[in-house]
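*Asks:* Protein chains in written order, with this note's numbering: chain Y, -2 to 463; chain D, -2 to 463.
Hints in this document: simulated from the structure, not taken from any laboratory.
Each hint should be verified, as a subset may be incorrect.
No copy is singled out in the list; a pair is fine if it fits within one copy or between any two copies.
Listed below are the simulated DSS-like cross-link pairs for lysine-lysine, each with C-alpha atoms no more than 30 Å apart in a straight line [unchecked claim]:
#1 Lys138 <-> Lys398
#2 Lys207 <-> Lys330
#3 Lys103 <-> Lys22
#4 Lys446 <-> Lys11
#5 Lys321 <-> Lys207
#6 Lys138 <-> Lys123
#7 Lys413 <-> Lys126
2 protein chains.
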Amino acid sequence: MNSITVRLNYQSDKPLYQQLYEYIKKEIINGSFKNNSKLPSKRGLAAYLQCSQNTVQTAYSQLLAEGYITSRQRSGYYVSAIDGILNIKEDCEKKEIKNNEKYKYKYEFSHDGVDFDSFPFLIWRKILKDSINEYDHSLLKTGDPQGDENLRRSIANYLHDSRGVNCTAERIIISSGTEFLLQLLIQLFDEDYIYAIENPGYQKLNMIFKSSRAEYRPVALDEYGLMPDELLKSNADVVCITPSHQFPTGTIMPVNRRIALLNWAGDDLRRYIIEDDYDSEFKYAGRPIPSLQGLDTSDKVIYIGSFSKSLTPSIRISYMVLPKHLVRRYYEKLSFYICPVPAAEQKALNTFFEGGHFERHLNRMRNIYKAKREALVYEVNNLLPDVKIEGANAGLHIVLKINNGMTEQQLVTSAKNSGIRVFGLSQYYFNLSVQNSTPSVLLGFATLKIDEIKKAVELLKKAWSN
Amino acid sequence: MNSITVRLNYQSDKPLYQQLYEYIKKEIINGSFKNNSKLPSKRGLAAYLQCSQNTVQTAYSQLLAEGYITSRQRSGYYVSAIDGILNIKEDCEKKEIKNNEKYKYKYEFSHDGVDFDSFPFLIWRKILKDSINEYDHSLLKTGDPQGDENLRRSIANYLHDSRGVNCTAERIIISSGTEFLLQLLIQLFDEDYIYAIENPGYQKLNMIFKSSRAEYRPVALDEYGLMPDELLKSNADVVCITPSHQFPTGTIMPVNRRIALLNWAGDDLRRYIIEDDYDSEFKYAGRPIPSLQGLDTSDKVIYIGSFSKSLTPSIRISYMVLPKHLVRRYYEKLSFYICPVPAAEQKALNTFFEGGHFERHLNRMRNIYKAKREALVYEVNNLLPDVKIEGANAGLHIVLKINNGMTEQQLVTSAKNSGIRVFGLSQYYFNLSVQNSTPSVLLGFATLKIDEIKKAVELLKKAWSN
């Protein structure tokens, strides 16, 4: 081998052994020190470099641990036979992927997000803080795969009392987001299962099934929701529906249709209904519509809910209620998955329930969103003459059917040009052949203030009146 | 229809309209009110029941919304044609699934969990509390699908400086747990990809692949780690390895073997290496072993890490660094998945990094775990004569090879009978034909105190000396 020519820098912050280690490693990598060549003895190198033997020993040990050199008994250290040439890059690459430039809207009728002024920051902050304490060893362990038992009990009580859901804590699985729950379900069911989704429906559903390589079929709706005849024709085994407030059309599925779907499920052992109750907390007139699951007497409904609308989407806590026999299957097949929600968050949410904060927050938000919806409906009726409002008096969005001669695309684009973001309904269709012919747009109202809603509708009036 | 015989209770907490609504609904469900029969007029019923018309109106509206009755223009309200008989269950089922009775060990040499006395409760509590404030609208929105950008930047810096990983924030995906990252990768790669896993290896890996319906092959190890020849024979496209500290054997993969695997990956466009750096933070002698990813010059390594060992498993934050071209593919195919980690937690972890707390915590934990490992090694060498300790001076577990004539099962059972939990190595083999013949057990030491380690090894001595 070439002689070791490193000059150790005694003034450097870098320890001497590390300087030596890095030097030798570099020489090995760039090929200056040949394979199988012998390294100087520790004593000899220490004397030559005028450092302690300990420095050489530490550098050699590290090279040995990483496999750059090998030690042969009673002979010394040798450069390992390293195949291939390495180029260790010195620096990180520069930022290579540009975010798309984001168009700056004045007002967005987003259907994702909550009221910005009403999140219970003070309470949540205190509860979350208090949930972290040194006497709670559960914060340092992997928890129950189904999620915190106390939280599951609170959710079960809430679902029973407010949504008429039949459940116990043992039947609940907590996860982070509907998409994760669906992935669990896809893994729970047999590989050849076919899934039916509402058309139009929640945009991500088809992406989740596609990405998970599960077969899915969009099934058309009529005014009452997903059509049982079409469902039967689709050959699906599992149907995903939003009966409390169909997304995006906003209709409530009448009891008749619910029973028809339950009967469909009852006709075959393989069949199940996935009920996504995504914004059922918000109904502004009359009592809440009870869940479809509560009508089910044959254990065929999987009930899914989340705290994305009721608290905030960034909390990432969702849950599902499984039929009893699926709980057993879940245990056998999937309980190795760790619950993805941090323990502190689960504990905090349970405290939030137990202190009655969740109920109070919901009651408060119901009033706030009701006022927003009323303001929006009032402004639309007042300012937009060619528009019909669709959907039930519920949820966090409305659908407008617009008869002013513009196409959906023109409606969306002219709104955008006036700084307003609205969502064309056709993007929620997985199969456009069944699409309603009247141009329609979706307007979410949760994130806008009442005066913003007024201003935004005024801008829409201008945009849509030429 | 039968006449309406409800007796409204004016003393009840339940509003009158709700009493009426519930009564009519019940009569419809149990069939007393026949399909298509006409309901009394609002005025007539109000007069009959001596309540206000408003009460009847509200009850009818709710029944209408739920589809139990329909309204016919200029005619009135009719019972809907409801097919099928419903039994609405009144009560939740009782707890139906018993948790397995848990055996109570005196001491568990668990490899899951962290030191109970050293989590920075005070700091984390304060930081998490401060992360929740009303001026931060990001807490009320769905965040970046890859995870909080600031946190990704902090992780990139950390990985670059301490693990020699080539990366930028743009290449990092934050998720909750290695299993979720692997599911993303399975969806990112083509359906026909075959995955190689270390044999022995991390138990959950095969379950994740199996459950996701991905083909996988266990590939045998020699003293340097996974064998390239066997890998080639397996026909796999992607190999999952733990080069910094193989789980469970504890060996560090030498640079030679690393290069052989990089060359394997370089030989085919389809091939990738998944490097799981699960406990690389803890090396107790010499410098840390740089990541395999840092050696990679052809963008073939996916680097995975988490905070389960360095902070706590219950925090549920993990990340992966993707090769550049896979970042593009991720954007196209999978960016619809919302990052499952709560926004507040991500923000808090970033503050923890930026304040230097993470580095300080790691340095502290390294000393604590080093002392625990030394105590364990000392006691084992001192008290267990027929035992050889395997694995590098790193990580949070050691492996014992035991030559006292007992089988692995006997070792585990006799330890259990003395109240000590140890883990037989054979449970980490996916294919026992390649298993090492010497009975071996795995001992994790992170959760035990030093005096507990001493007592536990003393009990092991008794258990294993008959």
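*Asks:* Does each hint hold? Answer for all of them.
*Replies:* Each hint tested on the structure:
1. Lys138 <-> Lys398: Intra 53 Å, inter 28 Å, cutoff 30 Å: inter-copy only.
2. Lys207 <-> Lys330: both (22 Å within a copy, 10 Å between copies)
3. Lys103 <-> Lys22: neither (58 Å within a copy, 47 Å between copies)
4. Lys446 <-> Lys11: Neither. Shortest intra-copy (57 Å) and inter-copy (34 Å) distances fail the 30 Å Cα cut-off.
5. Lys321 <-> Lys207: The answer is both: 28 Å in one copy and 24 Å across copies each meet 30 Å.
6. Lys138 <-> Lys123: both (23 Å within a copy, 21 Å between copies)
7. Lys413 <-> Lys126: For lysine 413 and lysine 126, the Cα distance exceeds 30 Å both inside one copy (42 Å) and across copies (38 Å).
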